[in-house]
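Let's have the full structure, built from the sequences with the hints guiding it.
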Amino acid sequence: MPALTVEELEVRFPGLETPALAIPRLGIAAGARIGLTGPSGSGKTTLLNLITGLERAGTGRILWDGTDVARLSEGRRDRWRAANVGLVMQDFHLFDGLSARDNVLLPLRLARFALPAGAGEEADRLLARVGIERRGQKVETLSRGQKQRVAVARALIARPGILVADEPTASLDAEAGAVVAALLIELAAEAGATLIVASHDPRLLERLDRVVRLEAGRVRPAEG
Amino acid sequence: MFRLVAADLRRNALGALAIVLIVAFAAALGVAVTLQERALRLGSARAAAAFPVVVGAAGSETQLMLSAVFLQPAPLGLVPGKVLSSLAADPRVAWAAPVGFGDFVEDYPIVGTTQALIDGLGGLRGGQGFTRLDQAVVGAAVQLRTGDRFHPLHGQASSGGHMHGETTYEVVGRLAPTGTPWDRAVLVPIEAVWRTHGMEAHAGEEHAGEEHADDPHAGDAHVEETHTEAAVAGAGPAADPHAGVDAARVTAAGAPGVPAIVVKPRSIADAYKLRQEWRTDTTLALFPAEVLTRLYATLGDARRVLSAVAMGAQALVAAAILLVILLHVGQRRRQIGALRAFGAPRLAVFAVVWMEGFALLGLGLLAGVGLGYGAALAIAARLQAQSGVALPVLFTADDLTPLLLLAGATAVLATIPALLAYRQSPAAALRG
Numbered sequence: 001m002p003a004l005t006v007e008e009l010e011v012r013f014p015g016l017e018t019p020a021l022a023i024p025r026l027g028i029a030a031g032a033r034i035g036l037t038g039p040s041g042s043g044k045t046t047l048l049n050l051i052t053g054l055e056r057a058g059t060g061r062i063l064w065d066g067t068d069v070a071r072l073s074e075g076r077r078d079r080w081r082a083a084n085v086g087l088v089m090q091d092f093h094l095f096d097g098l099s100a101r102d103n104v105l106l107p108l109r110l111a112r113f114a115l116p117a118g119a120g121e122e123a124d125r126l127l128a129r130v131g132i133e134r135r136g137q138k139v140e141t142l143s144r145g146q147k148q149r150v151a152v153a154r155a156l157i158a159r160p161g162i163l164v165a166d167e168p169t170a171s172l173d174a175e176a177g178a179v180v181a182a183l184l185i186e187l188a189a190e191a192g193a194t195l196i197v198a199s200h201d202p203r204l205l206e207r208l209d210r211v212v213r214l215e216a217g218r219v220r221p222a223e224g
Numbered sequence: 001m002f003r004l005v006a007a008d009l010r011r012n013a014l015g016a017l018a019i020v021l022i023v024a025f026a027a028a029l030g031v032a033v034t035l036q037e038r039a040l041r042l043g044s045a046r047a048a049a050a051f052p053v054v055v056g057a058a059g060s061e062t063q064l065m066l067s068a069v070f071l072q073p074a075p076l077g078l079v080p081g082k083v084l085s086s087l088a089a090d091p092r093v094a095w096a097a098p099v100g101f102g103d104f105v106e107d108y109p110i111v112g113t114t115q116a117l118i119d120g121l122g123g124l125r126g127g128q129g130f131t132r133l134d135q136a137v138v139g140a141a142v143q144l145r146t147g148d149r150f151h152p153l154h155g156q157a158s159s160g161g162h163m164h165g166e167t168t169y170e171v172v173g174r175l176a177p178t179g180t181p182w183d184r185a186v187l188v189p190i191e192a193v194w195r196t197h198g199m200e201a202h203a204g205e206e207h208a209g210e211e212h213a214d215d216p217h218a219g220d221a222h223v224e225e226t227h228t229e230a231a232v233a234g235a236g237p238a239a240d241p242h243a244g245v246d247a248a249r250v251t252a253a254g255a256p257g258v259p260a261i262v263v264k265p266r267s268i269a270d271a272y273k274l275r276q277e278w279r280t281d282t283t284l285a286l287f288p289a290e291v292l293t294r295l296y297a298t299l300g301d302a303r304r305v306l307s308a309v310a311m312g313a314q315a316l317v318a319a320a321i322l323l324v325i326l327l328h329v330g331q332r333r334r335q336i337g338a339l340r341a342f343g344a345p346r347l348a349v350f351a352v353v354w355m356e357g358f359a360l361l362g363l364g365l366l367a368g369v370g371l372g373y374g375a376a377l378a379i380a381a382r383l384q385a386q387s388g389v390a391l392p393v394l395f396t397a398d399d400l401t402p403l404l405l406l407a408g409a410t411a412v413l414a415t416i417p418a419l420l421a422y423r424q425s426p427a428a429a430l431r432g
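From first to last, the protein sequence lines are chains A and R.
The first sequence lines up with residues 1 to 224 when you count with our numbering.
The second sequence lines up with residues 1 to 432 when you count with our numbering.
Because the hints were derived from the structure by calculation, they are not lab data.
One or more hints might be untrue.
Said to hold, decoys possible - Ranges between beta-carbon positions, derived for each pair:
1) A:Arg203 / R:Ile416: 46 to 52 Å
2) A:Glu215 / R:Val324: 43 to 49 Å
3) R:Leu316 / A:Pro14: 35 to 41 Å
4) R:Arg382 / A:Arg112: 52 to 58 Å
5) A:Ala170 / R:Arg423: 49 to 55 Å
6) R:Gly15 / A:Ala170: 28 to 34 Å
7) R:Leu14 / A:Ala30: 46 to 52 Å
8) R:Arg382 / A:Gly120: 54 to 60 Å
9) R:Leu14 / A:Arg71: 30 to 36 Å
10) R:Arg382 / A:Gly75: 57 to 63 Å
11) A:Arg220 / R:Ile416: 43 to 49 Å
12) R:Leu347 / A:Arg220: 38 to 44 Å
13) A:Glu215 / R:Gly15: 44 to 50 Å
Claimed, not checked - To give an idea of the interface, some chain R residues facing chain A are shown, with a C-beta separation under 7 Å as derived from the structure:
14) Ala7
15) Ala289
16) Ala359
17) Gly362
Claimed, not checked - Some chain R residues well away from chain A (every beta-carbon gap over 12 Å; in silico):
18) Leu40
19) Arg46
20) Leu299
21) Phe395
Glycine included, every Cβ here is placed at the ideal spot set by N, Cα and C.
Quick look at the structure:
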């Protein structure tokens, strides 16, 4: 359950005078449930990519319990992310042709030759927890809400300390979105993970501890 | 990981199948060229094995070899009868047999010879050898049955020959299969060929100045002229078509000429001496195997051209496949990048894409080897039906090197999309 400290973070894109993202300081307590909101292009996804190590920060520090993700090499960022971060994306990114269970286990399968002991049971438990009954069903035949629930189970299979979701409900109808939102919050609490969710969904945001609002790459005073 | 590869290939089953087929056809082209060329070389070498030394009239070595060994119809000069008689008497010669051709039954060449060649070709599988001038022994692949009677046709039926209606042969035996053009030959006593052509060429004419084949004590002045026909006058019309075969008459000094003589020397040294001795102004002696080797050395360039064409086709296919794979990977960028975002190591991403590419190309390669083998077999079977030359289609240890090289090239080729996927940024992939 790591805490995050962002210091002097600045991202510039070529040809733009003002930095796309400039965060002098942002702290997130261990186990906190944080919402990230703001208009399109305000830098939400860029920030999530930086704090999950998907992209490398040019300047500044991104400290997760003392590990500066901004300083890690690409390979080490991959390993760190695999061990510490569970990701849920708007578009699910499930692998068609594989069953729900195989999709949940895929990150573990690819990371090592043999599945760690108990991984299969953990996958079954998580799928049951998110309400997927037919674990052997091919994911392409699932509804969108079911797909996102499989994605949530996948994000938690490696028991990460950090759960990051980027617009997890944006491509779902209200009902399915509410289910996924509830699952994210409940499962983050059950796993004791720090939860960071970028979203426009007020029903999701209102259930979080704190909402950070980004505008043009800068943190605005939080509401709520 | 394998499950992922399998799932992805299944999802794109048609495209994968297309790639496998294209690769297979390209590989098959190269394999078939190699196998077929080898089959031709081995098959013809084996066909020549029963003919250690061939003696003919001075002329083209290649033509003499093609006519005597492969029964290719061609006008050949004749060697005088005394050549056969002295070869037959030579202590270095195990056996010497005349080969006289020019007539056909259906499209099977009729070859006038003696029992010695029947034995030399491997003997009979059924029936008996010819003992009378109106008897014939057929090759293993000839569609005539024992007891069948036929008239010889001068020239091939397909090119408008004319019938020797006055001569009739009866099939009395069948040769064991030889895997050579002789499987399609009809063997008759050489004297019968002489007789047929003597009667035809000199019907109604006087034969006062000519020797008779059945007269071993005839004068020594008999010198055969070079004829464009396969056999020549000599046996007079007096010879009875039902007369018995007489080996002594064939090897008599005054016997008519023949287009070629097959000689089996007693030893290799004898073979060289005989060849030396019969290379004269008027006669030609050769080792068919050696002439074949020379022929192949000449044709080697053609084979190289064919191989180059096959390789060029393979290179083109490789390029096309590469393009397809690159497009495929491009489409899957999000998915592949996403794998990394969710915790797959870069190396695993590389391995997945590489295995997919290698599986497709490797499968195509394997199928291509099979397909090429099948094609070579089919071509060989067709050629065998036409020519009678058994073409052994077989792989040798030498094939392993190019196949391994090809497999290696495949492995290298598969790394290109794998590297692209490896370098794919996961963040960009998630954005799509």
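Verification of the supplied hints:
Here the CB-CB span from A:Arg203 to R:Ile416 is close to 47 Å, well matched to the stated 46 to 52 Å. Take A:Glu215 and R:Val324: their Cβ atoms lie about 45 Å apart, and the range 43 to 49 Å holds. Checked against the given bound of 35 to 41 Å, the beta carbons of R:Leu316 and A:Pro14, roughly 40 Å apart, stay inside it. Between R:Arg382 and A:Arg112 the C-beta distance comes to about 55 Å, which sits within the given range of 52 to 58 Å.
At about 29 Å, the beta-carbon gap between A:Ala170 and R:Arg423 misses the expected band of 49 to 55 Å. Distance hint for R:Gly15 and A:Ala170: a CB-CB separation of about 32 Å, consistent with the stated range 28 to 34 Å. In this structure the hint that R:Leu14 and A:Ala30 lie 46 to 52 Å apart at CB holds, the actual value being about 51 Å. At roughly 57 Å, the beta carbons of R:Arg382 and A:Gly120 sit within the given window of 54 to 60 Å.
Between R:Leu14 and A:Arg71 the CB atoms are about 47 Å apart, so this pair departs from the stated range of 30 to 36 Å. Between R:Arg382 and A:Gly75 the CB atoms are about 58 Å apart, so this pair conforms to the stated range of 57 to 63 Å. Our hint of 43 to 49 Å for A:Arg220 and R:Ile416 holds, since their Cβ atoms are close to 47 Å apart. Between R:Leu347 and A:Arg220, the C-beta spacing of about 41 Å keeps the proposed range 38 to 44 Å intact.
Evaluation of the 44 to 50 Å hint for A:Glu215 and R:Gly15 yields a pass: the beta carbon distance comes to about 46 Å. Taking 7 Å as the C-beta cut-off, the interface hint given for R:Ala7 holds, the closest approach to chain A being about 3 Å. Because the closest C-beta pair between R:Ala289 and chain A is about 58 Å apart, greater than 7 Å, the hint is violated. For R:Ala359, the suggested interface contact is broken, since its CB lies about 15 Å from the closest CB of chain A, more than 7 Å.
Residue-level restraint check for R:Gly362 is violated (minimum Cβ-Cβ distance to chain A is 21 Å; threshold 7 Å). Distance check on R:Leu40: its Cβ is at least 47 Å (rounded) from any Cβ of chain A, clearing the 12 Å threshold; non-interface status holds. Distance to chain A confirms R:Arg46 as a non-interface residue, since its nearest Cβ pair spans about 53 Å, more than 12 Å. With a closest Cβ-Cβ approach of about 52 Å to chain A, R:Leu299 is found to remain outside the 12 Å limit, as its non-interface label requires.
Look at R:Phe395: its CB is around 36 Å from the nearest CB on chain A, clear of 12 Å, so calling it non-interface holds up.
The structure fails to meet hints 5, 9, 15, 16, 17 from the earlier list, while all remaining hints are met.
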